[in-house]
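Protein chains in written order, with our numbering: chain A, 1 to 603; chain B, 604 to 888; chain C, 889 to 1151.
No false leads were mixed into what you were given.
Stretch-level coverage of chain A by chain C, calculated; a stretch enters the list once three of its residues show a Cβ under 8 angstroms from a Cβ in chain C:
#1 39–47
#2 98–110
#3 505–519
No lab work stands behind these hints, which were simulated from the structure alone.
Glycine residues also receive a C-beta, built at the ideal position from the N, C-alpha and C atoms.
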Amino acid sequence: MRSQTRLPAAVAALLGLSALHPSPAGAQDVERGREVYEQWCSQCHGSEGDGQGPAAEYMIPRPRDFTTGLYQIRSTATGELPTDEDILRIINEGMPGTTMPGWEEELSGADREALVAYIKTFSQFFETLGAPEPLEFPGAPGASEERIAEGRLFYDSIQCFECHGAEGRGDGEASSTLQDDLGNPIRSADLWKAWTFNGGSTVEDIYQRLRTGLDGTPMPNFSDLIDAGFMTDDQLWNLAHYVRSLSPEETPTPEEVIVVGQVAPGELPGQLADERWGQAESFYVPLVGQIIENPRWFDPSVDGVWVQALHDGSEVAFRLTWHDRSRSPDPGWLEWQGWVLDAMAPREGENLEPAPRPDGITVQFPPTIPEGMDMPYFLMGDGSNPVYQWQWSSVPGTAVKAAARGLDIYEPLGAEGLTSEAAWEAGRWQLLLRRALVPADPASELQFEIGVPIPIAFFAWDGDNSEEGARGSVSSWYFIQLEEETPPSTYMAPLVAFLFTGGLGVLVVRRAQRRDREVQAAAAGIVLPPEPRPQMARNFGFAVGALWLLFALAAAGNSVGGWAAGQTDVGFWWAVITGFLTIAASVALIGTARHRYQGPRKS
Amino acid sequence: MARYERVLRVLAPAVLLAVVGCGGGGGDAAGGGGGGDAAPAEMPFDVATAGNITGSVTFEGTPPPPEVLDMTSEADCAATYTGDPEVSWVDVGGGGLADVFVYVREGLEGMSFPVPGQAVVIDQQGCQYRPLVAGVQVGQSVAFRNSDGLLHNINASPTANRPFNVSQPVNMDTEREFAAPEVMIPIQCDVHGWMAGYIGVVTHPYHTVSGGSGAFDLSQLPPGEYVIEAWHARLGTLEQTVTVTTGQTAEVTFNFTDAMLSSAGTPTDGPHDHRTMARVGGVAE
Amino acid sequence: MGRYTKHPFWQSLAVVVVSYALIRWGIAYLPGLVGITSAPVPASVVLQYTAIVLVGVLVWVSDNEERWTRFKEPIHAALVEPDKKVVRMSMMAVVPLLVAFATFNNVRPTISAPASLRSIHPAPPTQITFRGETIVLEGLENPLREPDLEEAAFELGKELYYQNCMPCHGDYLNAGGHYAPGFNPTPLELRGSSTIAQLTESFVFWRIAKGGPGLPREGGPWNSAMPVWEDFLTADEIWAVTLFLYDQAGIAPRTWEEEGIEE
Chain A
1 MRSQTRLPAA VAALLGLSAL HPSPAGAQDV ERGREVYEQW CSQCHGSEGD GQGPAAEYMI
61 PRPRDFTTGL YQIRSTATGE LPTDEDILRI INEGMPGTTM PGWEEELSGA DREALVAYIK
121 TFSQFFETLG APEPLEFPGA PGASEERIAE GRLFYDSIQC FECHGAEGRG DGEASSTLQD
181 DLGNPIRSAD LWKAWTFNGG STVEDIYQRL RTGLDGTPMP NFSDLIDAGF MTDDQLWNLA
241 HYVRSLSPEE TPTPEEVIVV GQVAPGELPG QLADERWGQA ESFYVPLVGQ IIENPRWFDP
301 SVDGVWVQAL HDGSEVAFRL TWHDRSRSPD PGWLEWQGWV LDAMAPREGE NLEPAPRPDG
361 ITVQFPPTIP EGMDMPYFLM GDGSNPVYQW QWSSVPGTAV KAAARGLDIY EPLGAEGLTS
421 EAAWEAGRWQ LLLRRALVPA DPASELQFEI GVPIPIAFFA WDGDNSEEGA RGSVSSWYFI
481 QLEEETPPST YMAPLVAFLF TGGLGVLVVR RAQRRDREVQ AAAAGIVLPP EPRPQMARNF
541 GFAVGALWLL FALAAAGNSV GGWAAGQTDV GFWWAVITGF LTIAASVALI GTARHRYQGP
601 RKS
Chain B
604 MARYERVLRV LAPAVLLAVV GCGGGGGDAA GGGGGGDAAP AEMPFDVATA GNITGSVTFE
664 GTPPPPEVLD MTSEADCAAT YTGDPEVSWV DVGGGGLADV FVYVREGLEG MSFPVPGQAV
724 VIDQQGCQYR PLVAGVQVGQ SVAFRNSDGL LHNINASPTA NRPFNVSQPV NMDTEREFAA
784 PEVMIPIQCD VHGWMAGYIG VVTHPYHTVS GGSGAFDLSQ LPPGEYVIEA WHARLGTLEQ
844 TVTVTTGQTA EVTFNFTDAM LSSAGTPTDG PHDHRTMARV GGVAE
Chain C
889 MGRYTKHPFW QSLAVVVVSY ALIRWGIAYL PGLVGITSAP VPASVVLQYT AIVLVGVLVW
949 VSDNEERWTR FKEPIHAALV EPDKKVVRMS MMAVVPLLVA FATFNNVRPT ISAPASLRSI
1009 HPAPPTQITF RGETIVLEGL ENPLREPDLE EAAFELGKEL YYQNCMPCHG DYLNAGGHYA
1069 PGFNPTPLEL RGSSTIAQLT ESFVFWRIAK GGPGLPREGG PWNSAMPVWE DFLTADEIWA
1129 VTLFLYDQAG IAPRTWEEEG IEE
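Turn these sequences into a full structure, and let the hints steer you where they fit.
And the structure:
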């Protein structure tokens, strides 16, 4: 496309023409593009291309306004138009961290190219400015510890922390004052979540965004600084490598079951900073806006929580970690609250004014461990099925227990037996919650059981994002499972299987060899004397009988245990198994003892 | 200048001269309109026939108090002020109204003027733009200077021109030009939400910004009838029709009142409200 | 070499091994060729198919006395011949070890969520109470699917869908919304032939109006995050969204005639 338009542009410049018209896309393309746009894009971007479709008010960041010709993700310098490839890339891949999805699988190649042609008609700049020239990006140097360390220093020296925060979690001093070109509030990127980077998560993507800036947002470009000799390309690559190193290589995906690792009794970490947390696996739980019950909230601030959990057989401890740009309530964010509340539809419910609000997180469990997947309503239960909660709030800063029967309908259960410790640092909350497996009040509180999946769900609020009550972010149900000590029977069973199979093998071989000898002897006309009773087979028979008897005893133990724990069905079935095993053991033992060797079989 | 270099690399060296001669009218720099006009080296009229305009901008009523700026996040900037850091958007300290962009809006159509070679400097000092309001001719350089030596970014959001967002982490100058007339272009530092400024871009040299006394001069105009507009960031615009005759000095006075303040809305609910404020005067053509 | 390839024992062994590999990995590979992601092949399927192959092989080797004898030769040799002692002893060590290992894998404690079994479509009630009014669903068609109403209804439905439903069910009605990964079970995909294409519009109306909390006890647990839309939308608005869903996805609703109910 560009190579075709360059020549006419040069000729036009030569002739001193005021307006340069690149060869326009075919009228048919534009017409097809309009149809596709009307069907799939106008809802958000508006029929006029002004980014004010009917759904736009439900989204932050807002959909792109095409009439300005201003594009965030480009391969061109700041203020330049994007290339056709740039626009097509966003259509194909979408913009992570926003509501814009990718359309590569959904629309045909021709339709997507027609869309590019149509979208360009919304801004006159595509006609008057001619085809833009992409910047030349050198190849990425490989990552190394040195580069990352250098990048970290450079991050500080060019003061990225002003917006992105000292540790890069988007919590810089300026982060509460940021607005985009349309005057809507915009969050500085949390550099620990590369999967939410609007322009992609690779180190090349990051480098290119540094070179081009993200026009329409507060993020400036750095090409000017390289051109002016204030920094080198290599320094920018170091910075890109440092930024990339903050996020995990792969986008974290939730596991359905959060494993609560087992530690030795008394070895449970009692504090947030305990080194033993380093050994606990971290599970990511994504959170999304509560858009199910009135009032709904389409602009949640907390988009995920990392969960670590350990138990020592008598207590369980959780360490929750989530990013939050401020320690609420922070008066510096009151203005931000006003912008967010003004910007976001549907403005349901009350308390739509900026106010000092605390941060909070609630951990939900069913009051008793349910059968299978039958769980209470994940939005804090309902009238007939309550949930058991641990509610933590940054004011007063401790956690309490509660039973909830719907959003904001809950009965406090005090704090007895629930220990908590919270700390906010550089854009990150960490919260420790610890309780005995057996609760203070078993009638209203969950009793944690080892080895059984237990439902768990989360609800989080960022007070400085005006979140409270139903306005927050939620997860649906996940499970925790407390690791159990491997019971001795786990090792017994394979041992028995080994001995049994081995013994069977020995019998088969011996029998085959004896028959072989008999056949050979018969052929030679020799009559073999009757063999003495094989002692080994006899011993084997006794061994099998004894083992079965042992199993029967173990099963009987389980049966009694089941009855004692009130699990009558478990106790009953173990009793049945005990019976079978006892009969089998008796048959084996009695049969072996009574067996008389009858001499070689006559064939 | 990097943008131009890229264009030039594409074009033949012979074309190069033509484009430079056209005042950056190549494909890359052209704005909404008029960007391709040739900029002559000479004034397009007989300078001997010129006349002048002089005048003043006044303010009646009670000006709003200066806005106190919370610079706790930038101690180095705060230290440059003797008292609380503040900014006076309605500045009547010198007797008249300062920071009013006065320019010829109508009456010069079809005329092309030489582009001044000297850049207009907007300094970032004490975490404020100095001056708050500046005027520049199409194609003329604006030098954004960082005297603070800490991170600023210059985020310009014009509509008739292309926007840009430049980072300045150290003491340095960045030069930019505008290809199309536009009154006014808001500029913004996102790192320091209170930092706002305006640039008026017109096709001719007859523009100025009123000083502390409210006085201004527009000199050496060709004789004719002009519509003069006065633009203020918080008070909106006023216009006057003036006739300039050879060798004479026409006088004009703009009277802003505090009533206009209330109709224009209260200043800065958010850092970017000035962007909408900037549209009050409309786009000059 | 021919000693092995022509021998029924080795032939049988080869057949069983190759069949197992095909069943275990070959089946899963096929859908990928036509662009469909394959679910993992369940262990029970692998077991059944392998067992069938095994029985077939045994029938084949034993249906002829000579072949049967030849088949047994290597086994017999391994059991009795003095020069096969190494083979014999190693088999006797390896086989029990394998069995022990398999047993251990079966009995050790594992961590997994409870299995969720549910029918795809719940049984609809014959009538519902919508904001205090009784609506009989049986035999009910979309009242907005009339020539003079359809276009406006589509536009209204489109607006409402993208404001309210898109975060989960996606821009393309493919359950690809930006909130979709936050829910388990994941939101319903509305395209394709298996979801709303199987349903009447009045069924869809009921599901939208009553949401997750309105699902029947039987067939559950559902754990649905679908809101109760009668709290947010009027009946006409829900009909408009219903109409939009079918038209935008390019599928036709099931009619009551197909359901076998005369209007």
